[in-house]
Each structure stands twice: as structure tokens, then as C-alpha cells.
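In order, the protein sequence lines correspond to chains A and B. Note that the first sequence covers residues 1 to 491 in my numbering. Note that the second sequence covers residues 1001 to 1491 in my numbering.
Just so you know, these hints were derived from the structure itself, not from any lab. Backbone N, C-alpha and C define an ideal beta-carbon position, used for all residues, glycine too. Please note: incorrect hints may appear among the correct ones.
Dumping the calculated DMTMM-like pairs for lysine to aspartate or glutamate here, alpha-carbon to alpha-carbon at most 20 Å [to be verified]:
(1) B:K1006 with A:E9
(2) A:K390 with B:E1446
(3) B:K1468 with B:D1093
(4) A:K172 with A:D214
(5) A:K11 with B:E1009
(6) A:K6 with B:E1009
(7) B:K1217 with B:E1206
(8) A:K11 with B:E1446
(9) B:K1011 with A:E10
(10) B:K1390 with A:D98
(11) B:K1457 with B:D1093
(12) B:K1006 with A:D52
(13) A:K62 with A:D52
(14) B:K1011 with A:E446
(15) A:K6 with B:E1010
(16) B:K1193 with B:E1055
Residues from chain B that keep clear of chain A, each with C-beta distances beyond 12 Å, as calculated [to be verified]:
(17) Y1108
(18) S1267
(19) T1435
There are 2 protein chains.
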Amino acid sequence: MNSITKLVEEKPWVGWVLFFTTMIVVFVLGLFAASIVERRTEALYTYRPATDISEWEPDSSKWGKYFPREYESYLKTKDMNFRSKYAGNVPIDSLAEDPRLVVLWAGYGFARDYSAPRGHHYAVTDVRNTLRTGAPMTPAEGPQPATCWTCKSPDVPRLMSTMGPAKFYASKWAALGPEVTHAIGCADCHDPKTMSLRISRPALIEAFSRKGKDIGKATHQEMRSLVCAQCHVEYYFQPQTSYLVFPWDSGTTVDDIERYYDSLNFSDWTHALSKAPMLKAQHPDWEVFALGIHAQRGLSCADCHMPYQSEGGVKYTSHHIQSPLKDVSTTCQVCHRESKEELMRNVFERQDKNFAIRIEAEDALVKAHFAAKKAWESGASNDEMAPVLKLIRHAQWRLDFAIAGHGSSFHAPLEVARILSTAVAKAQEARIHLTRILAAHGFNSEIEVPDISTKEKAQQVIGLDMPKLHEDKKKFLETVVPKWDAEAASR
Amino acid sequence: MNSITKLVEEKPWVGWVLFFTTMIVVFVLGLFAASIVERRTEALYTYRPATDISEWEPDSSKWGKYFPREYESYLKTKDMNFRSKYAGNVPIDSLAEDPRLVVLWAGYGFARDYSAPRGHHYAVTDVRNTLRTGAPMTPAEGPQPATCWTCKSPDVPRLMSTMGPAKFYASKWAALGPEVTHAIGCADCHDPKTMSLRISRPALIEAFSRKGKDIGKATHQEMRSLVCAQCHVEYYFQPQTSYLVFPWDSGTTVDDIERYYDSLNFSDWTHALSKAPMLKAQHPDWEVFALGIHAQRGLSCADCHMPYQSEGGVKYTSHHIQSPLKDVSTTCQVCHRESKEELMRNVFERQDKNFAIRIEAEDALVKAHFAAKKAWESGASNDEMAPVLKLIRHAQWRLDFAIAGHGSSFHAPLEVARILSTAVAKAQEARIHLTRILAAHGFNSEIEVPDISTKEKAQQVIGLDMPKLHEDKKKFLETVVPKWDAEAASR
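If we strip away everything but chain A, and leave its shape as in the complex, we get (with noise of 0.2 Å):
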């Protein structure tokens, strides 16, 4: 060891070899060293200017005043360019893609036009547009409550917090349109003082609080989902009041809401065909998701549909809200190491096994409607039908919830097939009992289902006369609509 004392005694240099290695190796060590520190930092990382923004202000151009990067990155929600099937933005028909979907309908608004989800940026125009609102010609006019509007804009809360939620939903829709302009925005999820997340809906405070649950104790992680909970849920509107309510009280896994509904005897509609008592699922997306292993995992929704972005150096949560396959580096490969074709087929393979389920158990469904409609007019009775509307009751509910969502093959594969497949075996038992009612009253033969290759086809079988309802909503739109545009403008 002397003899390295005397080494840098007599030769400097080597001394200061050693020192600068030490160096370097050191300041290696403290990049990474920073690099596990940041990344704990940006866990608590949040950012709250004061702003000028008043409680429920639905102008969300107002915010982006002060966070540019997130509204710029809200803004292309009007890109739905996602696949080849979105070019122009153009919403896709989804009873054209399968027209079965209109016979499984016969009788509800769902029939008359269901198109692919578009982004936030739509919410509005959407809703206004589709056949399913209708065409009032007068504030008082129906066919759709007020409550039809709770997801589509900030504009409600503002709306709810002088009025009251029961007023609110009390109201005919066609009432409020010069009230609700402004598409889904910032207010639907931000306080506006400390930019905290913030529930602005009353289902969901009020489905956890049923529960017990105090929605003001979730965490900032589990607020990453909830705000989206307040929308991308199954609900339904209480007869009479049209009041928004989470079926949630038995729990919220298909099998629970199924009992729920049950058990108040509700149902959506009659169905045109069967006049099965039926249930239609909305989007059961939080429900599904939670399912699902990247819920179990701890992700929340926004992990994946809003990720992290950088630019100069700013790190921020992108609000162009939309599937993560359109952006796989800022999302599957966070945590995924393979490619994004790999990661893309993946997702790919599980759509098309359950697909290939899902078309099984439409098929069914179809063939049990027209078969209970020809058993009726053979002659069955309530007694003997009775056993057989609550199986296609059933059999529709679970097809419905499985599929109504957004994502819930890729959500939580293995339930939605399951769900799916509880769905062929019911409507195909319906389908047996059927079979021996029409035999009992004479006709055993195969039931001949009409041709419904073709959305007008299907419409047409069921008895829809869409010529009309088209001429309505258009008058509708050119004459009603620029009114509540112009009523807007002018406050």
C-alpha cells in the first residue's frame, strides 16, 4: 500500500486518475440515483395555479387559460380517427354493422339508431342528433326526460346547482336545450380552485352513499376512475321521476344488477316482438374494467386513456381522452415490453374470441323473439310464456351489459365471455321452451326468421317507419336547434 502512497507522491497524475474515475462513477450514480427520486416526485406532482374561474363554469376555453397543454390536448377529441373505420370523423352505424341488433331493439329507440361512440368533443352534437331524442318541436314535447343530458356537458351541473337534481331530471329534454351547449369539459371533473378531481354528478355520490361508502374519501387513484364513473356506468331513470339512479345496491357485477332490477320488477321497455319485460344496458365500463386484471392491478382509467406526456420538459396528463391503442408507447408500453403490433394483436384476438360468442348469442336471442312472437299468436298463454320472457329477459341483459361497453373485451376478457356465454345458454333454453309451447299449440316446425341482412331490412321487419322519423329530426334540427344555439349566444 506505501508503494501506492509513493506512487502519487512521485507521480501527481495518477492521483488524479484515480480522482476523476471516482467522479464520474459517482455522478453516474447520482443520475440514477435523481431518476428514482423524480419519479417519486412526480407521483405528487400536481399543479394549482390560482385561477379566476367561477365554481361551474362550463366554458372549458375559460380553463384552458390556464393549463394550455391540457385543453390543446382536449380539443382533439375531435379526432376520432382511430382504424380506417373512422375516417372523416363520420360516426360509424353500428345497426348497419349488425342488423340484428334492430330486432334485439324491436320496440325501443336503440332501434331507430345506434352509432360507435365518438370523443367527448361530440357529446353534444351527438345527442341532438340521434333519432333517439326524437324531434320536439315544443319545450314540453317528448319523447326523452331532461335526464338524457346528465353526461353530455358541464352545463348540467351548473344546471343542477340552481335547479336541483329531481327538478333537473323532472324536465322534458327539449326544455333545457338552450341551457346545455357546451360539450363534455373541464368542470365535469376539476374544482376549479385547487384543480382537485371533483365529482360533479349526483348518481354516483349518491349510489355510494347507499352503500355507505363516503365518495369524499376515495383516493386521488381512485379519482382517476370515479370522475369517469360518473358517466361510463349502467344506470337507469326511475319510472315517473326520470330520476338518475346506479343500480348498484346489490353489487355491480351483471348477476348482481340482473337481481337488482328483479327485484323492482323494472324494465326498459316491452319488447316489439316477444313483449318480453326487457332491460337495456348502458356503457358498464367502470363496472367491467374492475373486473379485469389492470383494475386488480391498481390502474386507473386514466393511467391508459389520459397518459403522461412530456413537452419542453413539462410533464402533463393528456385530455385527448381515447383508446390507448392509438398512442401504445404512452400507454401498453409503460408496463409492456413488447412491440406495438404485438401488443395491438393481443387486443385484436380477444375482441374476435368473444365476438364470435356474441354473434352466437344474438343469433339465439333473434330466433327466441320471432319465435315467442309466433307462440303468441298461435295462442300461448301468460302462464306458459312467463317462463320464457324472463329467459330472453335475461339472455338480452347479459349480451347487453357484455357488449354495450366501451372496450370490455380488452377490459376484462374473461367475464365478458363468461357473461356472453350465460347469454347463449339462456336464450337458447328460451329457444327449447318455445319450441314446446308452439308444439302444444300446433306449429312444430322451424321458425322462419325474415330477412334482416340489411339495417332497412331489419327496420323494415320490425315496423319502423324511418322515412318519418328522419323528416322529424331534420325539421328538428334546422328549425329548433339554431334557436336554442342563438338563446345560448345571446346570455
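Starting from the known structure of chain A, arrange chain B on it as the hints suggest.
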């Protein structure tokens, strides 16, 4: 800078501090580098000593002298104590657990006796003990051909090397009893000279060759699955010759293999109740595994079922082939950072969901078989029954393919769900046809399924004389088997 040189000159201990800091840091970096290099070395590592083991040595203890760690771990396949069910290493009676299976296999050996598999150690014992191999009192007696030995013992490649496969398969099972006495062991998968993985069974080589593929060109990682695929696959015995064939010529999915069997008009047996021409799926483990995410990510069977172990600084492959859930820390947790409990819960959840669909399919099939029996009794014609029998054949084939394997609901959960849901759909479709046929022949009520709530009741329902079968087996085990063992010992 000069001041530091001076400082070192004046106070030599400062130089020493710099020196030792550098040493420590470089040492730690060295450890990291070594760990990286070691992992690369491990991947290449194969230990190949010179041995005096003969080409088809069936006695694994002779191999064990050179590979004590592998051999000792192999001996542990005796231990099947997985979950509480396996307490005492007693085989689990699957028919007692689910008596529906007795009805589904009516007319076939599996209705007599079907147990959950035990470790490789029990291969010869269990095939001697099962009622499916009957009680042949002479070498020429049936019911089974020698093909039933194919996967049970390293004596098989030894015998095939002298007899040739065709003559082996054409022998009676009892004729080769004295020759096949060693349980599955080293020679089944290893070359005694190089210790490389080796395919010892012709069926796999032939299946590859018919597809124009040379199995000799498989990579080492592929071989770590292919040696298992010699046995853990779907197979059938060719009629007349009993030649063992893998039905992969159209592909290896359940649909591909169904098409293959249909094109040959092949059936394993005619169902005792429905008279349907049935297919019995064996254990298509490799085929199902290939469709799951772990295979898609490049894993082999051995990665999880034969994990690496460390002992006294030596790394070796565990030959205690078992469920990876028995040792989560060396299997799942090599890649997954979740707790053992969490990972096991994930697996069980997948199994539970598919189990629910399985029971739907089984219940529907049981009813279909009894309804078909009733239809024949009511005077249904072959023409009327033909589409029904085809539906039953396909439904049960799919059910069986999904449930006959080991761990399929883990290996490819969604594929299994998809398969099971088609089984539900087809079984129910058969029942719809049958309802119509029965009505046409004057019977229009629900079919009563007899009491099959226990294995014993179900076996009585399908007309099995179990006391006789057990008595014959006992006699066979007490008189014939000891002679086989004596003859083997005298060699």
C-alpha cells in the same frame, strides 16, 4: 486543482479515501456486470459429462448417478400434495367430483374410471390400476392395445427400437405388461450421450413430417415444450392398427381437429344413450398452451413446470414436474412482481369463471343425451336424428377438448371460454331439434333426467356392473401384475 494535488501530497490519507471509494464503487459495478454476464452464461449452460448410459436405458437411477440433482428432484414426482385435495397422494376421483361425466361417456371406458392425473412417478401404476385397461388374464386378451403404454414408460422407446412402432401398437396391452415396468423417466426426453433433449416417440415426429416440418430443426427452447408434446397432446388410435396418430393435419385448434376427424368419419365410440358417434378428447395441453399469452411471449413448458433451482451455487433444472403454483417464487415470480396469494387468486379466478361455463355445457349435454335416447325410443328415424347426433358429437368434443387438459383455463383462458361457449350453443341447439322431433312423435314434455347426483347412481343409470369390474380388476392386480413384475425383475 493544484491544491488537491498538494493536499494529497501533504495529507496522504486523502489519497487513500479517494482510492478506496473508487475501489468500492468499481467493485459494486463489477457485481452488476457479473450478474448480467452470468445470466447470458446460464442461458448457454448445458452440462454434458461422458456417461456409460446405454441408448434406451429405461432405469432412471442409472442416469441419476451422473445427474444427482435432476434425479433427486425427479423422484419428488411421487409427491402430489397440491392443495388439500391431494392429501395422502391418493388420486382424485373426477367422476365422483362430477358425476355428469359418467353420463357423457356412457358406453366408453372413461365412464368406469377417471381420476385427476398424478405425478410421472405413478404412470405405470395408474395405467395398471385403472378400470379402463380392464382385467386381461392372458397376454392375448383386451380390451386395450399396447398403444395405451405409449406414454407411460421409457421401456416404450426401448421396445419400439427393436419391434418397430407398428408392431408395438398392434400388440395387446397385456402382451407387453412384463416389458413395461419403469415409470416415465430420463430416456423419454434425453439423449444419453449428449444429454440433449430428444424426441423418443414416433407420433410427434410423424405429425411434424406430414406437415413438411423437420422436428430435428427445432430450437432448444422449442424442445423444452416439444418433449412434453410427445404425450401432452390430443391423439387417436387408428382403427384396426391401433397406430398412434396426432390429428394435426388440418391444424391444431379445436375447430381444425374437429374438421380432421369429421373428414375421416372417425369416432372413438358410439354413445350408449344417444347413439351419437363420439370423439374423446385426450389432454390437448400443448395445443391449448400454444394459444395462450405465455406461449405467445415465448415461454416453454419447462420454464414454469421445471423451473431453475440453485443448490450450493449450482444451477439446475428441477425435474419435479408439477403445478407452477406449488412454487410460485421460482415460477410466476421470476416475471411477475405480485404476491404469491395475488397470483394464485388470479389463476383460480380464471378457473372458476370457465368452470361455470363448463357446467352449463355439461348440463345441456346430459339433457341432450337423455332426450336423444327418448327420441329413438319414440320412433325417431336416422334421418331425423342425423343433425342432432352431429350437434351432440361436436358439442361434447368441444367441451372435452376444453376440460380434458391440465391447466387449460390458465394456459389460454379466453380460448377455453370460447370453446366452451360453442359447446353450450351446440348442445342447446341439439335439444331444440330434439324437442321438435319428440313432439312429432307424440312426446311434448320436459325430459326427466334420472338421479345422477353421485358417481354410483350415474353408473347404475347407464347400466355399468361396477362390482364385477372391480372384482375382475382386483383379480388381475393380484395375479397377473405380480407375474409381470417378477418377469421384469428376472431380466
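Status of the hints after comparison with the structure:
Taking the CA atoms of K1006 of chain B and E9 of chain A, the gap is near 10 Å; set against the 20 Å cutoff, the hint holds. At most 20 Å may separate the alpha-carbon atoms for a hinted pair to count; K390 of chain A and E1446 of chain B meet this at roughly 18 Å. Taken as a hint, the K1468 of chain B and D1093 of chain B pair is honoured in the structure, with Cα atoms around 19 Å apart against an allowance of 20 Å. Distance hint between K172 of chain A and D214 of chain A is unfulfilled; the C-alpha atoms sit about 31 Å from each other, more than 20 Å.
Restraint check: the Cα-Cα separation between K11 of chain A and E1009 of chain B comes to about 11 Å, which is no more than 20 Å; the hinted pair holds. At most 20 Å may separate the alpha-carbon atoms for a hinted pair to count; K6 of chain A and E1009 of chain B meet this at roughly 10 Å. In summary, the hint linking K1217 of chain B to E1206 of chain B is supported, as the alpha carbons are separated by about 14 Å, within the 20 Å threshold. Only pairs whose Cα atoms come within 20 Å are accepted, and K11 of chain A paired with E1446 of chain B is rejected, the gap being roughly 103 Å.
Taking the CA atoms of K1011 of chain B and E10 of chain A, the gap is about 14 Å. The hint holds against a cut of 20 Å. At roughly 29 Å between alpha-carbon atoms, K1390 of chain B and D98 of chain A are farther apart than 20 Å, so this suggested pair is violated. With a C-alpha separation of about 15 Å, the suggested pair K1457 of chain B and D1093 of chain B falls inside the 20 Å cut-off, and the hint holds. Restraint check for K1006 of chain B and D52 of chain A: not satisfied, since their Cα atoms lie roughly 62 Å apart, outside the 20 Å limit.
About 9 Å separates the Cα atoms of K62 of chain A and D52 of chain A, which keeps this hinted pair within 20 Å; it holds. Distance hint between K1011 of chain B and E446 of chain A is unfulfilled; the C-alpha atoms sit about 103 Å from each other, more than 20 Å. Straight-line distance between C-alpha atoms of K6 of chain A and E1010 of chain B comes to about 12 Å, which keeps the hinted pair within the 20 Å bound. Straight-line distance between C-alpha atoms of K1193 of chain B and E1055 of chain B comes to about 8 Å, which keeps the hinted pair within the 20 Å bound.
With a closest Cβ-Cβ approach of about 26 Å to chain A, Y1108 of chain B is found to remain outside the 12 Å limit, as its non-interface label requires. At roughly 25 Å from the closest C-beta of chain A, the C-beta of S1267 of chain B stays outside 12 Å, upholding its exclusion from the interface. Separation of T1435 of chain B from chain A is inadequate, the least Cβ-Cβ distance of about 4 Å not exceeding the 12 Å criterion.
Checked against the numbered hints given earlier, the structure breaks hints 4, 8, 10, 12, 14 and 19 and satisfies all the rest.
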